[in-house]
Every structure is written in C-alpha cells, then in structure tokens.
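Asker: Given next are the chains, with one letter for each unit.
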Amino acid sequence: DAGVIQSPRHEVTEMGQEVTLRCKPISGHDYLFWYRQTMMRGLELLIYFNNNVPIDDSGMPEDRFSAKMPNASFSTLKIQPSEPRDSAVYFCASSLGRGNTEAFFGQGTRLTVV
Amino acid sequence: KQEVTQIPAALSVPEGENLVLNCSFTDSAIYNLQWFRQDPGKGLTSLLLIQSSQREQTSGRLNASLDKSSGRSTLYIAASQPGDSATYLCAVKAPGGYQKVTFGTGTKLQVIP
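Here the protein sequences line up with chains A and B, keeping their order. Just so we're aligned, residue 1451 is where the first sequence starts under our numbering, counting upward by one. Just so we're aligned, residue 2 is where the second sequence starts under our numbering, counting upward by one.
Treat the hints with caution; some may be incorrect.
Unchecked claim - Straight line, CA to CA, 30 Å or less: simulated DSSO-like cross-link-like pairs of lysine-lysine:
#1 B/K101 x A/K1518
#2 A/K1518 x B/K2
#3 B/K109 x A/K1474
#4 A/K1518 x A/K1474
#5 B/K43 x B/K101
#6 B/K2 x A/K1528
#7 B/K43 x A/K1518
Hints listed in this document are in silico derivations from the structure and should not be mistaken for laboratory results.
Only chain A is shown next, with the shape it has when bound in the complex:
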C-alpha cells in the first residue's frame, strides 16, 4: 500500500477563498482522522470518522471548517472562507479497528492563506 495520500502538498490561497484538502486512507482502514499542526498549538485533532461516519468533530475550530467522507477511500476537509489564521499543516491519518492500533499519517498539506 502507498500509505495515506494527501493532496495537494502545498496550497497558497487568498483570504476569503475556499480551500479543499484531500485524503486517501490506507485501504481497509476504518478510521480516518484530520489533524492540524501549528507552532503555537502543536498537533490538534479536528475530526475523525469511523466507517465513513463522523464520530467526533469537537475539534473543528469554526463553522468555516467542514469535513466529509463520501466513501471508504476518500475524505475532504474544506475551509470556506479561509483566513490567514488557518495557515498550518493539515495531516490526515488512518488506522485499522479501534483501541491498540497504530495510526499512519500522510505527508500533510501545508496551507498558507495570504
């Protein structure tokens, strides 16, 4: 398996624009996580899915953020409208089952909102 695949790797956009980040989890993994990493706050869990269903979105900072998982092999994180303070690295991770299993991370998308 190629691992967790995220696209794009880098995104630069203007304030107010819509941004869509994409993730392809490892085949067969039934959990998918979206994280945000900043220097100030470190890694924060935004939302996670189990079998394509959102389970906990309490980490989503504002209504401007939304995430979907239309099928087991694809998820999106959308920011609309984007703001400069959204600039961060966004990671997607997936894992198999629950409990004592490792999470595998993608390479991340570095988002810069100017």
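For chain A, the structure is supplied; the task is to place chain B on it using the hints.
Answerer: This is chain B only, laid out in the frame that chain A set:
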C-alpha cells in the same frame, strides 16, 4: 482534559551518545501511548506503540517505557546517529472506545556527527 508535555523541547547530542526523551501526561487513564518521529516538512512516522497494560516496547535501538500511575513515558535511543535527528512526539489515546488522541509538544533532537 488530558495534557501531554515533553521535556526537553530541544536536545543536541554528539553522535554515539545514549539519550532519553521524556513524555508526561496528566490523566493516567489512557488506552495506549504512541511515539512518533517527524522529519522537517514530512508526516509522522510511528516508532512504538505501548498498550496501557504494557511496561515497555523495543524496536532496534529504541526502547519506550510506560508508567501509567505516574503519568510518564520515556523513549530511550541507544548509540544515537545523525539520522536520528528529527522531532519526536508522544501521543496518548483516551480509553472507552474513543479515538481521541492528544499529542505532546515534541522534542527536537539534533545528533551532531
């Protein structure tokens, strides 16, 4: 609310030294603890996963220990190499079937040739 702290924030050692990275967490009710490595501009690579019932895990030159009662974990790296230079993160998973994972602040390690 679970808080995870890693000390030191940065560490610089000469090649060949053995070193210890520390991770502490405030809520001892955890499901497991995972150590990751992050290289600049890259994602996270899982190093070791310790279940709440375990005391330690080993992989090659790495050994991670867990003391749940005191809320501590250590990552021991033997015979450090320049290729070990990276940021090391620990993460704890909450119990009860929830997948909520709290990450530590990270330790940036530099191994000098």
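Asker: Identify every previously stated hint that the structure contradicts and give their numbers, smallest first.
Answerer: Hints that this structure does not satisfy do not exist here, as all of them hold.
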